[in-house]
Amino acid sequence: MERRVFITLPVVDVARSRSFYQGLGFAIDDRFCDEMSACLVISNSIYVMLLAHSRFQDLSVRPMILPNDGASALITLSCASRAEVDQMNAAALALGGAEIHGAEDLGHMYSRAFADPDGHGFGIMWIDPTE
Amino acid sequence: MGKMIFVNLAVADVAKSRAFYEALGFSINAQFSNDDAACVVLSDNIYVMILARPFFQTFTEQPLGAPAETISAIYALSCDHRAGVDQMMQAALAAGGTEPMPARDLGFMYNRMFADLDGHVFEPMWMDPSAVQSN
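These protein sequence lines are chains A and B, in that order.
Going by the working numbering, the first residue of the first sequence is number -7, and it counts up by one from there.
Going by the working numbering, the first residue of the second sequence is number 90, and it counts up by one from there.
Honestly, the hints are just simulated from the structure, not real lab data.
Using N, Cα and C, we set each Cβ at its ideal position, and we do this for glycine too.
Treat the hints with care, since some could be wrong.
Claimed, not checked - Among chain A residues calculated to face chain B with C-beta under 8 Å, some are:
hint : residue
1    : Val6
2    : Leu51
3    : Val53
4    : Arg54
5    : Pro55
6    : Ile57
7    : Asn60
8    : His93
9    : Gly94
10   : Leu98
11   : Gly99
12   : Gly113
13   : Gly115
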């Protein structure tokens, strides 16, 4: 079976985060959701698990930190077009996200980056498939 | 084209991290690698970008964190078998990774965790496909 990745992120308010990501156009897999968690479907092989802080902290002995206080990861998603990059960024900002990197246009590659309501950073980019 | 994900991780030493991920059996995409970055190929759609800490900082205005001391994300990777989970763990530990949490075995699901050289936490996992009803 093709390898799948599940990115687990701590969030303050699962319902708020769920609405945020649904607003970006991602589906939710209800089989893996409850009041403390939500499973976002980015694709058949890519998932983001949003967990309430208390449940996330159960998974680690290390103290939790939110990225606005110290970021050590940034998740980048490919988009099918330059317009999709702009659309997803506009949706994120309209729904309470913050811009963490403005548009960067290299001609064959176009990217932006936003943080979700908890500060988790997402890059969104389009790469010219003919390059 | 399917959606692709690139998990960008800030690391202290790109060459050492690259060797670590190669030891896990993953290949490197040389087209997207240089002295400041290495692109680890987990599948056709899943990549880990190892970025030197100063280079990582150019992608965000957020302050740079200390992944060995605090945690803000866990990356679970599916394996086809329980044995695949143990194999990835053994390779990670042999290459200098650590095991921050004990294995969790629920019968239909088996998870272990390793931290890479900088403390980024990965979770190789196996789930019995018959235990999860399809959509």
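When the least beta-carbon distance from Leu51 of chain A to chain B is tested against 8 Å, hint result: Status holds, d = 6 Å.
Would the hint on Gly94 of chain A be counted as holding, given a Cβ-Cβ threshold of 8 Å to chain B? Nearest chain B Cβ about 10 Å off; hint violated.
Is the interface hint satisfied for Gly115 of chain A? The criterion is a beta-carbon contact with chain B at less than 8 Å. holds (7 Å)
Status of the hint placing Ile57 of chain A at chain B (closest C-beta pair under 8 Å): Where the cut-off is 8 Å and the nearest Cβ of chain B is about 4 Å from Ile57 of chain A, the hint holds.
Taking 8 Å as the limit, does the beta-carbon of Gly99 of chain A come near enough to a beta-carbon in chain B? For Gly99 of chain A, the interface hint is violated, since the closest Cβ of chain B sits about 17 Å away, which is over 8 Å.
Holds or violated: Asn60 of chain A as interface residue toward chain B, Cβ cutoff 8 Å? holds (6 Å)
A closest beta-carbon separation below 8 Å is what the hint needs, so does Gly113 of chain A meet it against chain B? holds (5 Å)
Answer holds if the nearest beta-carbon of chain B is closer than 8 Å to that of Pro55 of chain A; otherwise answer violated. holds (5 Å)
Hint status (Cβ of Leu98 of chain A to nearest Cβ of chain B, threshold 8 Å): violated (13 Å)
A closest beta-carbon separation below 8 Å is what the hint needs, so does Arg54 of chain A meet it against chain B? holds (5 Å)
Hint validity - His93 of chain A Cβ closer than 8 Å to any chain B Cβ: Holds, because the Cβ-Cβ distance from His93 of chain A to chain B comes to roughly 6 Å (cut-off 8 Å).
Would you settle whether the hint for Val53 of chain A is holds or violated, based on the nearest Cβ-Cβ distance to chain B being less than 8 Å? With a minimum Cβ separation of about 6 Å from chain B (threshold 8 Å), the hint on Val53 of chain A holds.
In terms of the numbered hints stated before, the structure departs from hints 1, 9, 10, 11, listed from lowest to highest.
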